[in-house]
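Chemist: Okay, here's what each chain looks like letter by letter:
4 protein chains.
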Amino acid sequence: MLEKLKLEVIDAGKKLKEYKLITLTGGNVSGRDLETGYIVMTPSGMEYDTLTPDDITVTDLDGNIIEGKRKPSSDLKTHLQIYRAKKDINGIIHTHSTFASCFAVLKEDIPVISTTMANEVGGKVPLSKYAPVGSDELGEHIIEKIGDQKAVLLESHGVFTYGENVSHALTAAVMLEDSAKVYYLTRTIGKPEELPEEEIKRANELFKNVYGQK
Amino acid sequence: MLEKLKLEVIDAGKKLKEYKLITLTGGNVSGRDLETGYIVMTPSGMEYDTLTPDDITVTDLDGNIIEGKRKPSSDLKTHLQIYRAKKDINGIIHTHSTFASCFAVLKEDIPVISTTMANEVGGKVPLSKYAPVGSDELGEHIIEKIGDQKAVLLESHGVFTYGENVSHALTAAVMLEDSAKVYYLTRTIGKPEELPEEEIKRANELFKNVYGQK
Amino acid sequence: MLEKLKLEVIDAGKKLKEYKLITLTGGNVSGRDLETGYIVMTPSGMEYDTLTPDDITVTDLDGNIIEGKRKPSSDLKTHLQIYRAKKDINGIIHTHSTFASCFAVLKEDIPVISTTMANEVGGKVPLSKYAPVGSDELGEHIIEKIGDQKAVLLESHGVFTYGENVSHALTAAVMLEDSAKVYYLTRTIGKPEELPEEEIKRANELFKNVYGQK
Amino acid sequence: MLEKLKLEVIDAGKKLKEYKLITLTGGNVSGRDLETGYIVMTPSGMEYDTLTPDDITVTDLDGNIIEGKRKPSSDLKTHLQIYRAKKDINGIIHTHSTFASCFAVLKEDIPVISTTMANEVGGKVPLSKYAPVGSDELGEHIIEKIGDQKAVLLESHGVFTYGENVSHALTAAVMLEDSAKVYYLTRTIGKPEELPEEEIKRANELFKNVYGQK
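Residue numbers (numbering that gives the first Met the number 0), protein chains in the order written: chain A, 0 to 213; chain B, 0 to 213; chain C, 0 to 213; chain D, 0 to 213.
Calculated from the structure, these hints are not laboratory results. Keep in mind the model is a prediction, meaning the values are calculated, not measured. Among the hints, erroneous ones may be present.
Note: identical chains are not told apart, hence a pair may lie in one copy or across any two.
Unchecked claim - No farther apart than 30 Å at their CA atoms in a straight line, the calculated lysine-lysine pairs in the BS3-like style are these:
hint	residue 1	residue 2
1	K86	K213
2	K85	K144
3	K190	K106
4	K128	K85
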């Protein structure tokens, strides 16, 4: 069941590897099926290169397993919390991508310092407070920080990105890391300035309404 | 029509990806056909790996579509402004390549600190003032800064490179990023000195007249 | 003999290359066969891409060659010292991976600043005192520093990682480099804080008991 | 003629590309045939991926073309100066590799701060004074600085490495860049110390006499 969504989740995992946002078996990807409301998620501790739809687990919003022989990612609980709280989020990606993680470790937000980040991440990425992996607090802290922007940093840990589908969550993951790298680099030799709020909005609107093929 | 130029534009896009100057669907490439004066441009929001000549749009200098089923890049307008103003430019590339973008974000020029940059970029790369993507001002600010050198930085955004054909614009894009990286790295631990003006000229002449197969 | 273990050792070498933890013929990998107690090790100065089981040397714990036509790695002696001293270590990897080596050169430990390093390296990575390659002192200094964590830095040299099998040593090598990179990056622009000891333990327990497929 | 040496030169070029020490058509490789004394060199401005033995030029020590349809590298003159002055050098590689070039731009030597650099580069890499590409002075300044170590930096330009054959020059090029990166990184956050002279000698002897298969 849900073969198409499973393949989207697997493809996103492979892209994360191609763009070097995940190392070995780190990170995870999930998607929500709009019809059944079921969640489709990558397995715990398996490399993305070799995943097939049979390795992907289907659960309901409470984590009851509907289909699948693999143990789902140990972050399933956190993904489910987010899906229950945010009805318009249908794709979630978690990584420890290097430059985003730097600011999670430094306990800082990532501001919007270029049109690229404005376009594709949509706003300043806030830091959510530390909580152990798998705890209820971890999900609660993330949900508090979810806004118009497509990513939240996890203190001393990594980053969650999300969107209206898996593909949007993937674009946010890749472009946030790109932008976080430029922000890091400029920080070491200068004082990068934030884009004015109206330019962030304008760039994001352009991205939503003008960019891409329909 | 213009199959050969379309393939040049596609190949340049693939090289930009190979050299990691573009991420996902970022950036764009165009070329001018010397005979018809038409402009050939990559589509908006599509990945470069899978482009075929059918995905490339042909327009006249005013942006009227001559051929093509895809929406051209949202930066077409800016490319056309440059082609109208600069008759000797026949290839243009836009990227958000990491190290060049750092100086665009820091609102600084990139000086010539090595013979490599003198050879293949041809001079100091100036910063053009911020203007929103797609605005008339963006193209005007770039055109003001076009000179003997083959690149202009866009404040808080990225970089345009150009040349007498697509291949020259591509070489400038790749070698500028290489040089911007060395400039960045040296800035973090020291004070890189600019090459004297006469050495820049000498290196650039050598590159034009001695380097390569005829 | 020991074909399966030889293939594990070769595969680990190829992964080290894929993750760019080794350059040319640098680094080495060994494993202990639990039944015979023999040690299986990569050859000296050969590239990992082309290794076959015939290139792998089998020795006993005193370095007597049991099988193999190649000269084993010049670090065999140090591996054997570790295997003799630590009965629960059955896989050892040596690299000069870039970011771990930075702290070896700076003569500093690498603290745990993120849950990723807590999970998969298991604790602060200490520096062992300088000793020439191949000397008895080199092995002794490393052994002194072996603890619950899965890696030890070698002053002015590189890093050893180890585990209950080759695969665990490999995971430690890859994830330490990942974590060392984030630690390095955060050090250049801020003051990364260590995770509290109880969070390190909690994360490491989670990794051992919850993470992965059984 | 000299097919084997031509293939060695081409293979070295491809390795330089694989290790990202050259960008586009930058850099060059040459080798001396011990029997005829002829020099075999890569062509000017061609990408390394597609080179065949027919693209390689054979000259005598004075630059008279013995065989080949391509224009040889614009640095041929400098290579020939070195071969005439140093009878024990039979392979030369020139690159603008990123981290070595940083110190060339900063007009600093690269000291030996790790056993890896001691092993495979053999000593501190000195800076040679600026001279224009293709000038007699460029070769003279390099030759003045050639010593036991296998590389010389070129002020505001790049690096030459060399050895008793092409393969040794290649190892020096790759391992210098690796070591220059660690030196750069440690410089940004600390004060890397030089290895004592006796440890450099010891490591280099080990590399020459113990390391590798015979």
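Chemist: Indicate, hint by hint, whether the structure satisfies it.
Modeler: So, going through the hints one by one against the coordinates:
Taking identical chains as interchangeable, the C-alpha atoms of K86 and K213 lie at most 30 Å apart only when both belong to the same chain, with a minimum of 24 Å there against 33 Å between chains. In this homomeric assembly, K85 and K144 come within 30 Å of each other (Cα to Cα) only inside a single copy, at 12 Å, whereas the closest approach across copies is 47 Å. With identical chains, the CA atoms of K190 and K106 are at most 30 Å apart both within one copy (18 Å) and between copies (10 Å). Taking the shortest alpha-carbon separations for K128 and K85, only the intra-copy value of 19 Å comes in at or below 30 Å, while the best inter-copy value is 40 Å.
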